[in-house]
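Undergrad: Chain A is fixed; fit chain B onto it per the hints.
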Amino acid sequence: MSKGGPVNNSVSEGNPVAGKIAAFVFGHSHVWSVRRALKLGWQHPDIKIRDIICGTKELPGSIVYHLANGEPQLNAVILAALHRVAAMDANAWLVSMVGGNDYNRLGMFSGSPSFDFVVDEDSQAGLAADAMVLPKAAVQEALKSKTETLSAYFPLLTQMAGHKRIIVIGTSPPNATDDLLVSHLEKAAKGTAITPARVRYKLWLIQNQLMLEHCQAAGIHFLKGDYPGTVDADGYTLKAFMKSDGIHLNEDHASILLDTVAGYIAERSNG
Amino acid sequence: MAEDQVGNPCPYSDLPETSFWRRSVGAIPLQDIDPVLNPKFRISARDRVATAGSCFAQHIARYLRNSGFNYFVTEPGHPILPEHTLKDFNYGTFSARFGNIYTPRQLVQLFERAYGLRQPVDDVWTDNGAFVDPFRPFIQPHGFHCATEFHADRAQHFGAVREMVEQSDVFVFTLGLTEGWENAVDGTVYAICPGCGAGVHDPAQHRFRNFTVDEATADIKAAIAFMKARNPGLRVLLTVSPVPLIATFENRHVLAATTYSKSVLRVAAQTVSDCDTRVDYFPSFEIITSSASRGAYFADDLREVEEIGVQHAMRCFFRNYIGKQPKLTRIPAERTPVMPTTSERLNDLVCDEQRLEDLL
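Residue numbers (our numbering), protein chains in the order written: chain A, 1 to 271; chain B, 1 to 360.
Isolated chain B, as found in the complex:
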């Protein structure tokens, strides 16, 4: 009996420390927890890294940009616009000016629309004379002032999306929600529930959807396949947003609805990642939400993620995918020297020259 025990050791005995909770989570300092194992690829400083998804994707974009990486922005706005205006109008928030993309279905349909493969029946909203994009309703304050501006901006935006699809080296997509609202006629998914902050709710037109794990998985696969068909070398990093649902339309508690939604997205991300060598899952969700942090990574509302939590996630991201640490300090805005633009410099020159002509 004793010999049998020696000959058949416990199969867990040779596993690495990362397989054991106590050794890799429970008994080590929080900041040392790194749940990333065997990343499938690395990201170099030259790689064009695009981001899309829910709010949490903005943190990844911010760290990449601040750390000197090639954050790929195909719709950056124009240099004549000051920093605060670029921010107000969501230039550079994500790689293109698409705003938050909460569900995988939205992402697939954005690609379809950008390539002229989908023409939604409900394509523009009007609000007090302003034109609002149902698929990015908060992309700029007060909407677009006329139809011409709306369509010109939309066309430019689609061009930027196509450029992102075709020229990114790495695409980071943060999965946010499974709950969404779609048009009852053609199934086009809105960015928000129409009537909640923008648009007018019409129960006959607007239908609630809570995507299943099979649907979410199929949509993620479809989005990646769409991109790879146009960009074969693309690497994809999937993450799940740790930010809980702000509200659920299901007849269940928002806490239970959040767990369901994040679970579906987590399973879908793993499923897609497991069958594609160029698709990886980055566990920012686990870093922020695990019991190891004892909720310390959430703000007082228990929803927004604190910067310290973002820093932890980004340390792991940089360590495993980039091989260096991110820049965690930022130069205060007031200390940033303001350089005159060409228009300012040359106008000053012109004005100064005026005196030379005063020879009367």
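So that you can see chain A by itself, here it is in the shape it has in the complex:
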């Protein structure tokens, strides 16, 4: 990885750099930091990465629709982007950052009472005394409902992309403290209890497992979001990589993410 002067990475700016393997990133709000890292000059000697869809408004609606006959169909924005990519470089890699925030959508705010669950046998000490204990399987089922679209999305992605050079990026674990979230959502979430980071971390673990299972079923690559150097000894994302909202990651984190993605692609391309 190297950081040079600003480089224009917009997909509309032309064809991939000759001699480099192309990869295109798309997704919702977490792609903003990727775009910023690219604009700040992230580069790799062998891999050229660009973003093609970035933001919730640029990728509106469900990622999968169902036609009147029940047949699933990719979101039109993704579909159009994939066609553009295929026209430019049929061998390009696709990097999906879609659908990683479901665990926060499920349980970032727990209300009263708060909840907790046992992820594994060793985590008993982590159960909050005043929290409602939920069966892990119930939480899994709830999260599975939230990520149900992904079970249709991933196969459609491989089908439309026409190849298996697809990497799904899992979201990164939460930060160990709640202060960023609390200060950011002070007004919007007034009176609403934020789920402790320890519990959100457990939700994140389950989310990753579900994402991994979806990807394995579709035969596509999955990269877990706890890259070395970005998390503390307990697995939480370091505060230095968090944005002020307490949820999204900054461009420094995105830079490491891009390094990881590029390394992953390079390894498989050389082999």
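No wet-lab data here; the hints were simulated from the structure. Computed from a predicted structure; not experimentally measured. Watch out, some of these pointers could steer you wrong.
[As the list claims (entries may be wrong)] To give an idea of the interface, some chain B residues facing chain A are shown, with a C-beta separation under 10 Å as derived from the structure: (1) GLY77; (2) HIS78; (3) LEU81; (4) HIS84; (5) THR85; (6) LEU86; (7) PHE138; (8) PHE144; (9) ASP153; (10) GLN156; (11) ALA184; (12) VAL185; (13) GLY187.
We put the beta carbon where it would ideally sit given N, CA and C, even for glycine.
TA: Here is chain B on its own, set in the frame of chain A:
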């Protein structure tokens, strides 16, 4: 002689119509039959009504909930869990997450366990790495994934049972069976026969019991006394499930075994009710099973109760104990608006705000 007859009329002649079969059953439309007479108490919309017992108790819970009554659920699950998950994991099926309680002995022992007065020798089963509660073996799919989860959930469950015991205004208990299986060492009654769907059957450990009318009566009395000792104002409504035995372990025909079992429970319920002004018997069993319905209230398997039969029973329940009619229509699920949760709403807000930072 004629004067004597005038002076000593037949003692039945002044009895109300409800005392006569033809006038109150045989010659009136089925849907108008109401066998409830002089209910001992009323249930207000504010009363916390708890339910426990066999499957039929779930119908009472459902109607109370759908009719805006204060169905008292002390173990409701968490709002982050969607409706189908709550259902799959038996949250709200009964007031606490105890599953079906078929025999009065089970109820007494549940209370004892919840208050630390009974520690069963056979307290947890394992099955392919999962931990199964012998006293609610089907409370969630595939059991508990580890011992920590099992014990944490058990402790929480007992807390919910204690809350139900101490804070209910009305407790509706549906008596289901007299046949059961107990541990041969300490007499703790299982929810099912071990080995039938869960657990492993061991003839040396697991003993069949068919509770007598005296035992059933004593157990019901003990359960109510246990609750009243902690909740003196409690009112209790006993019902007998009309659902026949699915199988009997007695060496007798299942039809005869069903009649015996329901008869014992019916007598026990009446006996307890007759000696306590705050305990009443509600005849849902009679409404569903009487010859007046000509079997119309049972499904094709002659075992499951059809909704029309439940409706009849609940009309009588609401008329006599509540004074209004239940809501018999439900809003189709697909028409129920799905409101975003706080987590969904605020996460969307956070995501939308991301664009504001893209000022590079």
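Undergrad: Taking the hints in turn, state whether each one holds.
TA: Hint by hint, here is what the structure shows:
1. GLY77: Nearest chain A Cβ about 7 Å off; hint holds.
2. HIS78: Holds, about 5 Å.
3. LEU81: holds (5 Å)
4. HIS84: holds (8 Å)
5. THR85: At about 5 Å, which falls below the 10 Å cut-off, the nearest Cβ of chain A leaves the hint on THR85 of chain B intact, so it holds.
6. LEU86: Holds - the Cβ of LEU86 of chain B comes within 10 Å of chain A, reaching about 8 Å at its closest.
7. PHE138: violated (13 Å)
8. PHE144: Status holds, d = 7 Å.
9. ASP153: holds (6 Å)
10. GLN156: holds (5 Å)
11. ALA184: violated (31 Å)
12. VAL185: violated (28 Å)
13. GLY187: violated (29 Å)
When each numbered hint is compared with the structure, violations occur for hints 7, 11, 12 and 13.
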